[in-house]
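Residue-level listing of the chains:
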Amino acid sequence: MTDAPMIHSESTHHLSEDVSTGGALPFWAVFKREVALYFRSPVAYAIAFALFFFLSLVFNGYLAQANQRAPAQPSLIPNLVTFLLFLIGPLLTMRLIAEETREGTLEVLMTLPMGEWHFILGKFLAAWAYYTVLVIISLVYQFVWSQVGVPDQGVALGAYLGAWLYGGAVLAVCMIWTAVTEDQIVAAFLSAATVLVLYLADIAASALAAQPNLGLVAEILRELGLQAHYGSTLAVGVLRLHDILYFIFIIIGALFITTRIVETRRWRA
Amino acid sequence: MIEVQNLTKRYGEVLAINGVSFTAQPGQVTGFLGPNGAGKTTTMRILTGFMPPTDGKATVAGYDVFEQSMDVRKRVGYLPENVPLYRDMTARDYLSYIGEIRGVKNRKARAEEVLERVGLLTRANSRIRTLSKGMRQRVGLAQALMHNPPVLILDEPTIGLDPLQVLELRDLVRDLGHDHTVLFSTHILSEAEQVCDNVIIINQGHIIAEGSPAGLRSELERGGRVLARIDGNLEQALVTVQNVPGIASAVIQMDGIVATPTNHDDPRPLIAQALIEKGFKLLELRPLAINLEEIFLELTRHEREALAVEPDTIEESEAVSS
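Protein sequence lines correspond, in order, to chains A and B.
Residue 1 is where the first sequence starts when you use the working numbering, and the numbers rise one by one after that.
Residue 1 is where the second sequence starts when you use the working numbering, and the numbers rise one by one after that.
What the hints contain is simulated information worked out from the structure, not anything from laboratory work.
Because the structure is a prediction, the values reported are computed rather than measured.
Where is the CB? At the ideal position from N, CA and C, for every residue including glycine.
It cannot be assumed that every hint is accurate.
Said to hold, decoys possible - Between beta-carbon pairs, the in silico distance windows are: (1) 112(B) x 129(A): 23 to 33 Å; (2) 63(A) x 122(B): 50 to 60 Å; (3) 23(B) x 84(A): 21 to 31 Å; (4) 133(A) x 11(B): 39 to 49 Å; (5) 129(A) x 211(B): 47 to 57 Å; (6) 148(A) x 105(B): 48 to 58 Å; (7) 48(A) x 190(B): 53 to 63 Å.
As the list claims (entries may be wrong) - Cross-link-like lysine-lysine pairs, in silico, DSS-like; alpha carbons within 27 Å at most: (8) 32(A) x 105(B); (9) 108(B) x 32(A); (10) 108(B) x 133(B).
The task is simple: from the sequences and hints, build the whole structure.
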């Protein structure tokens, strides 16, 4: 294919000089682009398909035996989703920053008049938005359930809210690793490992708590872990400000660390 | 306007640029010339606010690149080496995206205008992955023009293009130079000579020469080697030339005699006189330093001699100029 000739005659029209700029919301531009990419990405659809295939199988089996089991567990689906986040989170986020670093497009973005936090926040919100869509779709199970039985809607609401916040925290933590390495696979593995550690922290804490003199360590570990703020509280319908603040704190903290990593990358570039 | 004073960048032990100072004037194309690894990209990355300098000061359009980075970035259009682009986007969407981050009002219309300027309107809706290298380069350039910046920084924009595309891009850069401050890097010396109003030659992190291409040439031609071609016995003529006052050495090369003077005076009048007095038919007498290639080799000779690798510079330059 031949290129169209460039215009370079004397009569070349000059670009207009009155280009006004201002009122930019860079994070919003980044957010819109990333959301659009999720809905065009085969990986994102594959994740959604795998998730709902699995949830449907479990739900179906559970429903079939529901009459033999009482009381029914209303947080079944949100619990499964939070467990699966160690897979969903890394897969949704691994591309976000690593790809831009590898392709060099980060260099262009970092010379645009926007702070790093715009870039990080836009990417994070896009991932969280996609995850939110997945959570909303999973409400279908709750609907089906309420047609055939009488689940505790209050507990379900708490559990779904919890799963949503839990997902935000996991995605934010995964952002750190996609900023650290330009290799998506490495980012995904490190993210999955980190999320699993945070998931299992309260089990480790219970084991430690049995030891004498380790009570404080166990308590700190428990507080840091994700499950302590979900499994025994939100998932059973207990809404504590403490737990909601924990998730918000993790999100802000992880995004802050991610921003600093991208900044130092510029220093070392 | 770009003003750079004593700019230094250190990566650990490596000194990428060392005390670089220069000025790029508005309405001019300033060429940043040097071999690969000379420090061109490092300097440009500092000027665009991509990374901070270790030491020194630089202002772009009147703003300090480190202290007022956001103000600088608003006024600079940057085309990085290798032109990183989002391959899944169309050229139009990409420009719109960059425009939105920059807060360009009427960005759809502006994208249209810029695409027309770089001659890419017909492919505006093609995904960037399907565009040729030359077209991608133009998308990158369009990106740098989106917000109508007073300063353009272009890092080796002609690399990897075919000869026709190179010519087109050079024309475009020259044209943009009329109403912008353009800093244009290249490692192709003849390109700098064609495109730039002012040339800065950088090697191993420091500036070794600065001036207009013509000025640099005339400065180095004075005191440079000269080639004399005669009709007759070269051996005898060689002795005559060697005996001319002010000639350090003379050798037979390229069907003629190449003489190196001892100082900066033009040795040609004396050589001509001596040869004609002895009855040789003088066919040609010209300076050998005729292009930037030669100037560059001349300027970096000390460094290369220090490495004890002395390539046959004269034949090289002859091959290029012929």
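Going through the hints against the structure:
At about 30 Å, the beta-carbon gap between residue 112(B) and residue 129(A) stays in the expected band of 23 to 33 Å. The hinted range of 50 to 60 Å is satisfied by residue 63(A) and residue 122(B), whose Cβ atoms lie roughly 58 Å apart. Our hint of 21 to 31 Å for residue 23(B) and residue 84(A) is violated, since their Cβ atoms are close to 60 Å apart. Taking the beta carbon of each, residue 133(A) and residue 11(B) are about 44 Å apart, inside 39 to 49 Å as hinted.
Take residue 129(A) and residue 211(B): their Cβ atoms lie about 56 Å apart, and the range 47 to 57 Å holds. In this structure the supplied range 48 to 58 Å holds for residue 148(A) paired with residue 105(B), their Cβ-Cβ distance being about 55 Å. At about 56 Å, the beta-carbon gap between residue 48(A) and residue 190(B) stays in the expected band of 53 to 63 Å. Distance check on the hinted pair: residue 32(A) and residue 105(B) sit about 17 Å apart at the alpha-carbon level, within 27 Å; holds.
The suggested pairing of residue 108(B) with residue 32(A) holds, with an alpha-carbon distance near 16 Å, which does not exceed 27 Å. For a cut-off of 27 Å, the pair hint linking residue 108(B) to residue 133(B) stands: about 24 Å separates their Cα positions.
When held up to the earlier numbered hints, the structure conflicts with hint 3 and nothing else.
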